[in-house]
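Enquirer: For the sequence shown, the residue numbers in the working numbering are 56 to 429.
The set of hints was computed from the structure by calculation and includes no laboratory data.
Treat the hints loosely; a few may be bogus.
The following label-pair restraints were derived from C-beta to C-beta distances [stated by the list, open to error]:
no., residue 1, residue 2, range
1, ASP246, ALA137, 21 to 31 angstroms
2, ASP142, LYS267, 26 to 36 angstroms
3, VAL268, TRP408, 17 to 27 angstroms
4, VAL155, SER419, 32 to 42 angstroms
5, LEU163, ALA315, 35 to 45 angstroms
6, THR144, PRO411, 23 to 33 angstroms
7, GLY119, GLU84, 12 to 22 angstroms
8, VAL268, SER419, 17 to 27 angstroms
9, LYS105, ILE265, 22 to 32 angstroms
10, HIS334, LEU163, 32 to 42 angstroms
11, GLY248, SER151, 38 to 48 angstroms
12, GLU422, PRO329, 34 to 44 angstroms
13, ALA137, ARG353, 28 to 38 angstroms
14, ARG171, THR144, 18 to 28 angstroms
Think of the CB as a built atom: it goes at the ideal place given N, C-alpha and C, for glycine as much as any other residue.
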Amino acid sequence: MCSSSPKVQNTFSVDNPKVQDSFTAECPEFRPSIEEFKNFSKYIESVEEKALPFGIMKIIPPAGWKPREAPYDEADNIQISAPVRQDATGRAGRYSLMMVQQKPMSVLQFKRHALRPENQPPFAWRPAAAATPRGTACEAREGDEAEGSAGCAGDGGMDPDCTLLEKRYWQGFVGRAAMYGSDNHSPTLFDEGAGAWNLGRLDSILRRRIRKVMPGVTSPYLYLGMWRSTFGWHVEDMDLYSINFLHYGAPKVWYAVSEADGPRLERLAAGLYPELALHCDQFLRHKSTMVHPSHLARAGIRVTRVVHRPGEFVITLPYAYHSGFNCGLNCAEAVNFATPRWVPLGHRARLCWCFPDVVRIKMSIFEEGDVGGG
Numbered sequence: 056m057c058s059s060s061p062k063v064q065n066t067f068s069v070d071n072p073k074v075q076d077s078f079t080a081e082c083p084e085f086r087p088s089i090e091e092f093k094n095f096s097k098y099i100e101s102v103e104e105k106a107l108p109f110g111i112m113k114i115i116p117p118a119g120w121k122p123r124e125a126p127y128d129e130a131d132n133i134q135i136s137a138p139v140r141q142d143a144t145g146r147a148g149r150y151s152l153m154m155v156q157q158k159p160m161s162v163l164q165f166k167r168h169a170l171r172p173e174n175q176p177p178f179a180w181r182p183a184a185a186a187t188p189r190g191t192a193c194e195a196r197e198g199d200e201a202e203g204s205a206g207c208a209g210d211g212g213m214d215p216d217c218t219l220l221e222k223r224y225w226q227g228f229v230g231r232a233a234m235y236g237s238d239n240h241s242p243t244l245f246d247e248g249a250g251a252w253n254l255g256r257l258d259s260i261l262r263r264r265i266r267k268v269m270p271g272v273t274s275p276y277l278y279l280g281m282w283r284s285t286f287g288w289h290v291e292d293m294d295l296y297s298i299n300f301l302h303y304g305a306p307k308v309w310y311a312v313s314e315a316d317g318p319r320l321e322r323l324a325a326g327l328y329p330e331l332a333l334h335c336d337q338f339l340r341h342k343s344t345m346v347h348p349s350h351l352a353r354a355g356i357r358v359t360r361v362v363h364r365p366g367e368f369v370i371t372l373p374y375a376y377h378s379g380f381n382c383g384l385n386c387a388e389a390v391n392f393a394t395p396r397w398v399p400l401g402h403r404a405r406l407c408w409c410f411p412d413v414v415r416i417k418m419s420i421f422e423e424g425d426v427g428g429g
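Turn these sequences into a full structure, and let the hints steer you where they fit.
Expert: Shown next as structure tokens:
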């Protein structure tokens, strides 16, 4: 069992082979056929059992599918209402993030900031594709490697460049502050022609039962990332599913644990951050703590690592803790959803009351009649 007060080992180093070998699971990857891709809820329910031990899965759309036809730079005037500067503190694979809100800026202004030489990754890798997404969205897995994949292998694994970037990310965690344009409520970047996987109108029991717009929950958020921008360990509001599509740019690296390992991770985190746990027993929902997976592995928690590339969907399952970082300038879109399997988990979900805009869902609406997936 995990100790109630785990110690951070001073021998932590990303060069340590034991630290590098912290991942004991490969992310399940699914490639639906064109026919399967027509029904979102039905497809998710058909594959999620295989993903339960991991808490996360990747969906690669069928060849030829496009999220949009227009060039992405046509969306450069979208406003990022509350970008944050992430100031990091900590050591030995255990870090805290202070989110300092910045002035609103456009997507174009964010790009210019992210592309400054001092904000670039520590080595060069196909910047043209990642930095200048002028063409239409790349077709999913048709022909060459997806635009903006920045040298990462196309087989779902980590090539040497990705591995080196991950190593540099952890080595320089408390270095120069990164900017993150997260949780931005703006129009979807999907076209109507994107079909059932258009995150702007994703069909699930959540959207069918909740009539009002809940930004980020029933309507998507846009995320503008740059090198080293981070999303700390957390679960979704009400322990919902999440679906994230990477429109363009550099990859995201995700870490995830299964629903079964959630309580163990919470105990570990409470021992690593006792002051935060004293003030809020749901402090992980603040998304402001980042723990290296090696600490989780030593506590017997299996961690899955995912390299998320443009044109791919990543889905996290209910009450599955996840975290990660961006490998460079990118743009993603995400929203929550639910299936009938989530309903009992939603009843048990715990809330954090530290912020006035806490998401609450009246669970009785899912007990009225059929909540089938469709």
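Enquirer: For each hint, tell me whether it holds in the structure or not.
Expert: Here's how the hints hold up against the structure:
For the pair ASP246 and ALA137, the supplied restraint of 21 to 31 angstroms holds, since their beta-carbon distance comes to about 27 angstroms. Between ASP142 and LYS267 the beta carbons are some 35 angstroms apart, a value that agrees with the proposed interval 26 to 36 angstroms. For the pair VAL268 and TRP408, the supplied restraint of 17 to 27 angstroms holds, since their beta-carbon distance comes to about 23 angstroms. Taking 32 to 42 angstroms as the suggested C-beta distance range, the pair VAL155 and SER419 conforms, at roughly 39 angstroms.
Remark: the range hint 35 to 45 angstroms for LEU163 to ALA315 is upheld by a beta-carbon distance near 44 angstroms. The beta-carbon spacing between THR144 and PRO411, approximately 26 angstroms, falls within the hinted interval of 23 to 33 angstroms. A beta carbon spacing of about 19 angstroms between GLY119 and GLU84 agrees with the range 12 to 22 angstroms that was offered as a hint. Hint check: VAL268 to SER419, Cβ distance near 20 angstroms, so the stated range 17 to 27 angstroms holds.
As the Cβ distance of LYS105 to ILE265 is approximately 28 angstroms, the hint placing it in 22 to 32 angstroms holds. HIS334 and LEU163 have their C-beta atoms about 39 angstroms apart, which keeps the hinted 32 to 42 angstroms range intact. For GLY248 paired with SER151, a C-beta distance near 43 angstroms keeps the hint of 38 to 48 angstroms intact. The given range of 34 to 44 angstroms is respected by GLU422 and PRO329, whose C-beta atoms sit roughly 39 angstroms from each other.
Evaluation of the 28 to 38 angstroms hint for ALA137 and ARG353 yields a pass: the beta carbon distance comes to about 36 angstroms. Take ARG171 and THR144: their Cβ atoms lie about 23 angstroms apart, and the range 18 to 28 angstroms holds.
In the structure shown, no violation is registered for any of the earlier numbered hints.
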